[in-house]
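Asks: Keeping their order, the protein sequence lines are chains D and Z.
Just so you know, we're using the numbering used here here: the first sequence kicks off at 1 and counts up by one.
Just so you know, we're using the numbering used here here: the second sequence kicks off at 1 and counts up by one.
Hints are not guaranteed to be accurate.
Just so you know, same-sequence chains aren't split out, so a pair can sit in one copy or run between any two.
Distance condition first, Cα-Cα at most 30 Å in a straight line; then the derived DSBU-like pairs of lysine-lysine [what the hints assert, rightly or not]:
hint	residue 1	residue 2
1	LYS37	LYS10
2	LYS137	LYS90
3	LYS146	LYS90
4	LYS90	LYS10
5	LYS104	LYS10
6	LYS80	LYS10
7	LYS137	LYS10
Treat the hints as calculated values from the structure; they're not laboratory data.
Protein chains: 2
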Amino acid sequence: MQLSSSDILKLEQRFRTNLINCLSGFKTPHLIGTKAKSGITNLGLFTQVMHVGTTPPLMGILFRPHSVPRHTLENILETKEFTINLVHNKILEQAHWASGRWEKSEFDATGLTEQYSNNHFAPFVAESKIKIGLEFKEQHFITANKTILVIGEIKVLIIEEGLIAEDGFLNIEAANTLAMTGLDSYHDTNTIGRLAYAKPDVHPKRLD
Amino acid sequence: MQLSSSDILKLEQRFRTNLINCLSGFKTPHLIGTKAKSGITNLGLFTQVMHVGTTPPLMGILFRPHSVPRHTLENILETKEFTINLVHNKILEQAHWASGRWEKSEFDATGLTEQYSNNHFAPFVAESKIKIGLEFKEQHFITANKTILVIGEIKVLIIEEGLIAEDGFLNIEAANTLAMTGLDSYHDTNTIGRLAYAKPDVHPKRLD
């Protein structure tokens, strides 16, 4: 099946949205926790989350255009703090539910629990096994569609015991972290293996 | 296990790189195909690939700092065209190998096959089941670590028959697309299910 630019724009909107959202491949749903200066907490489900760098440790999140209220984005810009919490299979439905348009805090709405640690202003999700506290660094406006990339620096990591290998590899599969495709499809995973750092003229080797 | 900002910076570098790279969760290895004006082709393996928008259809790729030669980035800026090709289990080792520092074209080096279609200047990977042809739109420099976000608009889609559902959902799992975590760990996946669009006061429902 081959689609040109004009074929793509002629697709029915929901069809196009589903198709294009699937092209970036597997991703992971992340719960982002924030708190307004007024004290109201917010929890949102985001899948456009990206590794940006290690030194300093940076992550990026893409937000939809700020043409309607975006509590998570507004709280980040107001308080400069947020958390990213990985979702495992036992909290999948609550996490998905957090993406609804709630009037009240999504913590109250979904039953997930606020946790505060290390003087971090924004709430972590107590039920998550891998919790990341970040500080806002910069934002970039994507001209082509008015989305906003926010870059944060990692200030705190709270990780359940037993998940980090000797070389620093974090076994998110052992933490029952879910993979996601498109807007609504969830998957669990099986390890195939780790491959050694690629070198020319040496066929890739398994690490284990 | 709890790590503060200064604990993280004290970690041995390889350990920190592995750990921080795992935090963004599952992602998908994508082969990016380009061709210099001189005619030399290039193929690189990238995992920081993000859905940016549907109308127009946009994708983003994060490149490491341009302090050393980056053939993929240079070809994109020179020719304004590139392709993104999803990796399935039968081409995993060749795809991983493409990330080595080759002198010659990674197509020749790994045995993957160049494919040209729809007047797109950049080569697709013939063996891939999901191929995306893009045009460069804009770039953003991340001040915090000098990485570069490139945004491209989708101009061509070439997708194997039988992978797209009636509502546009693209079944990348049926295409044997691999998930990845960290720098080198590959995973296959099993569908748990699709969840209906989240609404307040209605517990999330399975779609199937």
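Asks: Compare the structure with each hint and give your call.
Replies: Going through the hints against the structure:
no., hint, in the structure
1, LYS37 / LYS10, "neither (44 Å within a copy, 32 Å between copies)"
2, LYS137 / LYS90, "neither (32 Å within a copy, 40 Å between copies)"
3, LYS146 / LYS90, "neither (35 Å within a copy, 38 Å between copies)"
4, LYS90 / LYS10, "neither (40 Å within a copy, 33 Å between copies)"
5, LYS104 / LYS10, "neither (38 Å within a copy, 40 Å between copies)"
6, LYS80 / LYS10, "between (41 Å within a copy, 24 Å between copies)"
7, LYS137 / LYS10, "between (39 Å within a copy, 21 Å between copies)"
The earlier numbered hints that this structure contradicts are 1, 2, 3, 4 and 5.
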